[in-house]
Amino acid sequence: MSLAVELRLRVHDLVETYGRLLDEDKLEAWVELFAETCRYEIISRENREQNLPLSLMLCDNKDMLRDRIFSLREANIYNIHRDCHVIGLVRVTQGVGAAFAATASYALFQSNQEGDSRLFSVGRYEMDLVEDDGRLLIARQIVVVDTGAIPTLLATPI
Amino acid sequence: MSASIQPEAGGQAGARYSFPAEDCSRIPYGMYRDAEIYALEQQRIFHGPVWNFLALEAEIPNPGDFRVVAVGDTPVIVDRAKDGSVHAMVNRCAHRGSIVQRALHGNCRVHTCCYHQWSFDLTGKLVGVPFQKGVNGKGGLPADFDKSCHGLQQLKIARLSGVIFGTFSDEAPPLAEFLGPLFTHQVQRLFHKPVRVLGYQRQRIFGNWKLYTDNLRDPNHGGLLHMFQITFGIARLNGTGGAQMDADGKHNLSWAAQGGRTDGAEDESYGDTGRGDMNIKLRDPSLLRYHKEFPDDLTLAISSLFPGAALQQIGNCLAVRQIRTRSADEFDIVSTFFGYQDDDAEMTRHRLRKANLAGPAGLVSMEDGEAVELVHRAIVRDGDQHSVVEFGGRGPIRDQENLVSDVPMRGFWMYYCKLMGISAGAAA
Numbered sequence: 001m002s003l004a005v006e007l008r009l010r011v012h013d014l015v016e017t018y019g020r021l022l023d024e025d026k027l028e029a030w031v032e033l034f035a036e037t038c039r040y041e042i043i044s045r046e047n048r049e050q051n052l053p054l055s056l057m058l059c060d061n062k063d064m065l066r067d068r069i070f071s072l073r074e075a076n077i078y079n080i081h082r083d084c085h086v087i088g089l090v091r092v093t094q095g096v097g098a099a100f101a102a103t104a105s106y107a108l109f110q111s112n113q114e115g116d117s118r119l120f121s122v123g124r125y126e127m128d129l130v131e132d133d134g135r136l137l138i139a140r141q142i143v144v145v146d147t148g149a150i151p152t153l154l155a156t157p158i
Numbered sequence: 159m160s161a162s163i164q165p166e167a168g169g170q171a172g173a174r175y176s177f178p179a180e181d182c183s184r185i186p187y188g189m190y191r192d193a194e195i196y197a198l199e200q201q202r203i204f205h206g207p208v209w210n211f212l213a214l215e216a217e218i219p220n221p222g223d224f225r226v227v228a229v230g231d232t233p234v235i236v237d238r239a240k241d242g243s244v245h246a247m248v249n250r251c252a253h254r255g256s257i258v259q260r261a262l263h264g265n266c267r268v269h270t271c272c273y274h275q276w277s278f279d280l281t282g283k284l285v286g287v288p289f290q291k292g293v294n295g296k297g298g299l300p301a302d303f304d305k306s307c308h309g310l311q312q313l314k315i316a317r318l319s320g321v322i323f324g325t326f327s328d329e330a331p332p333l334a335e336f337l338g339p340l341f342t343h344q345v346q347r348l349f350h351k352p353v354r355v356l357g358y359q360r361q362r363i364f365g366n367w368k369l370y371t372d373n374l375r376d377p378n379h380g381g382l383l384h385m386f387q388i389t390f391g392i393a394r395l396n397g398t399g400g401a402q403m404d405a406d407g408k409h410n411l412s413w414a415a416q417g418g419r420t421d422g423a424e425d426e427s428y429g430d431t432g433r434g435d436m437n438i439k440l441r442d443p444s445l446l447r448y449h450k451e452f453p454d455d456l457t458l459a460i461s462s463l464f465p466g467a468a469l470q471q472i473g474n475c476l477a478v479r480q481i482r483t484r485s486a487d488e489f490d491i492v493s494t495f496f497g498y499q500d501d502d503a504e505m506t507r508h509r510l511r512k513a514n515l516a517g518p519a520g521l522v523s524m525e526d527g528e529a530v531e532l533v534h535r536a537i538v539r540d541g542d543q544h545s546v547v548e549f550g551g552r553g554p555i556r557d558q559e560n561l562v563s564d565v566p567m568r569g570f571w572m573y574y575c576k577l578m579g580i581s582a583g584a585a586a
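Residue numbers (the working numbering), protein chains in the order written: chain A, 1 to 158; chain B, 159 to 586.
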C-alpha cells in the first residue's frame, strides 16, 4: 500500500526536527517529540545480531527519558562538544502495532570547542510513530549503532 | 617489543623516570605517555606472572564455541574443545603471523587461517597444511617439517566459578594465590550460580590504560566527579563504604553498603564546590531500586583485578570489564553484562534498565572517559613531574574504612613497579 505524499513529508519533517533539536542542544524540546508511552534505546549491532538484549542507553518510559536529560543538565560531566546529525533518506512504511514506521541511516559527527571534528557514530534509526491529536509522535526509537566501540563516552542522545 | 628495551631490570625506559617516594605517592607522568614503557608493560605485566581475565565459560558453552579476546594488545582465542576442555591461544598463525580466527565469536571445528589455509584444532594444534608435500612431488614444505612444532602459542588457563583466566608465564602463582582469599571470594560471590550473558558494551578511550586502573582504585572521585548519585541523593562519599586490598595491594575492592547515606554533618564536606547540595528526585526512581541478592549488604562492589579487569556490582547491574590496551595513548574497555540463568523476566528487565548506570553512557560512569582523557592530554610534556596520591595518607598500604581515599592506587603502582623492575623511592 502506498502512503500519501503528505504523510511522507510529515515523517520527513519529524526526522529532520529530531536531528536538528539534538544538534541545537534543545534536548528538552527533543523529548517532547516522543509520545507519553514511549521507548528510547541505543543498542549495538553486536548485541542485536546475537539476540542479546543489553543496550547502551535504555529509557522505557518518558519519565526515564526526562530523567536522562535532566541528569545531563544537572549532574553529568562529559566532553564539551557539538553534535552534527546527517540523516539519510527516510523510508516510511505502514507500522505494525503503530501507525507508521520509519527507518533511516545516520552519521553523527562530534566537534569539540577547537573545531576538531570526528565521526562519533554511524548506524540506523528504527522508529515507530503514532498520531496523537493530529501530531506525529515517536512511540519507539531504536538506534542500532554500528560504531559499537563508543569513542570516549556517550552522553547526548543519538 | 622495541629493540631499545634492555632485558635487565627496568630497561632504559624504566630508568628514565623516578618515583621519588617508595610508597608510590608520586607517579611520574611519563609512565602514562612513553611508548617504550608501554612495550615493556606488554612483556612484564600482561605477559608477566599474572592471571588475566579472558572470558566467561557461559560465553562458550558448547564444544567448538569460541570468542576472540585480548591480553593487553595480544589477540587471543578462547574456545572449548570437543572434550569440553577450555583453551586459550594467541590468534596469530604460526606460518606468517596472520590473524587466524577473523570472526569475533562463533562455533567451528578448526580455526583456519584464510591466508594459506593452515588449520588448527580447538587446542591450537596445527592439523592441516595444504600442499605440504607440494604438487606431483614439486614444491611444498621440507620433508622434515614437523607440524607438532607449529601450533598456536598457548596460554595456561585457570578457571574459578566459570570465570576463565589466562597467563603467558610459567612464573605465575596458582590462581587462588594470585587472587588471594578476598578476591577469590569476590569472584565466587558474583558467580555463585550459572550466569546468562545479557550483552556487551565497548568503549574506546584516548588515554593510557593505567589512568583507568588508577580511576578504579580511587574511590575519592566517586562522589565528586560522578554527581548523579549526589544530585539525586543516592550516595555520598561520607556514607558507609571503603576499600579492601589483597596482601600485595594489587587488587582492590571498592565497596558501599546498603543504607550508605548518613545524614547529618556531611553537608559542609563539599566546601565551596557548589556540588553536593542538591535534593532533587528522579521522576522514575525505579532505576535505583536494589533487589537484595547476595548474603552481604554490599550494594556497590567493584573488584579491580590486577592488571586489567574489574568485576562490577552496581546494585543489580552485574558485569565484568576487561581493559584491552591499544597503545600508550589508547585502550578499550570491553564489558560483559550478565544476570543469572534463574532470573525471571522482571529481574532481567530490572538488570537491563539498571545498566543505564554503567558503561560509556552510564549515569554514574560516563565521566570516567572524560577524566582519563583530560589527564592524558595535559601530561603530554613534563614526564618527570608527578601526580600526588595522598588521600588516605602516605606510607604502608592499608585497607580503608571510608571512601575518601586513593590508597589502592598506590597498591597498584607498588606491585606494578615490582613487575616492571622499577625501584620506587629515593634511590630510584
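Hints listed in this document are in silico derivations from the structure and should not be mistaken for laboratory results.
Keep in mind the model is a prediction, meaning the values are calculated, not measured.
Take the hints with a grain of salt, since some may be wrong.
Below, a list of computed lysine-lysine pairs in the DSBU-like style, where the Cα atoms sit at most 35 Å apart [claimed, not checked]:
| # | chain 1 | residue 1 | chain 2 | residue 2 |
| --- | --- | --- | --- | --- |
| 1 | B | K351 | B | K291 |
| 2 | B | K305 | B | K291 |
| 3 | B | K305 | B | K439 |
| 4 | B | K296 | B | K351 |
| 5 | A | K62 | B | K439 |
| 6 | B | K576 | B | K240 |
| 7 | A | K26 | B | K576 |
| 8 | B | K450 | A | K62 |
| 9 | B | K314 | B | K283 |
Verification of the supplied hints:
1. K351/B <-> K291/B: Cα-Cα ~51 Å, so violated.
2. K305/B <-> K291/B: The hint holds at about 12 Å.
3. K305/B <-> K439/B: violated (66 Å)
4. K296/B <-> K351/B: Between K296/B and K351/B the Cα gap is close to 58 Å, so the pair fails against 35 Å, i.e. violated.
5. K62/A <-> K439/B: holds (15 Å)
6. K576/B <-> K240/B: Given pair K576/B, K240/B is violated - Cα atoms ~40 Å apart, limit 35 Å.
7. K26/A <-> K576/B: violated (52 Å)
8. K450/B <-> K62/A: holds (27 Å)
9. K314/B <-> K283/B: holds (15 Å)
The earlier numbered hints that this structure contradicts are 1, 3, 4, 6, 7.
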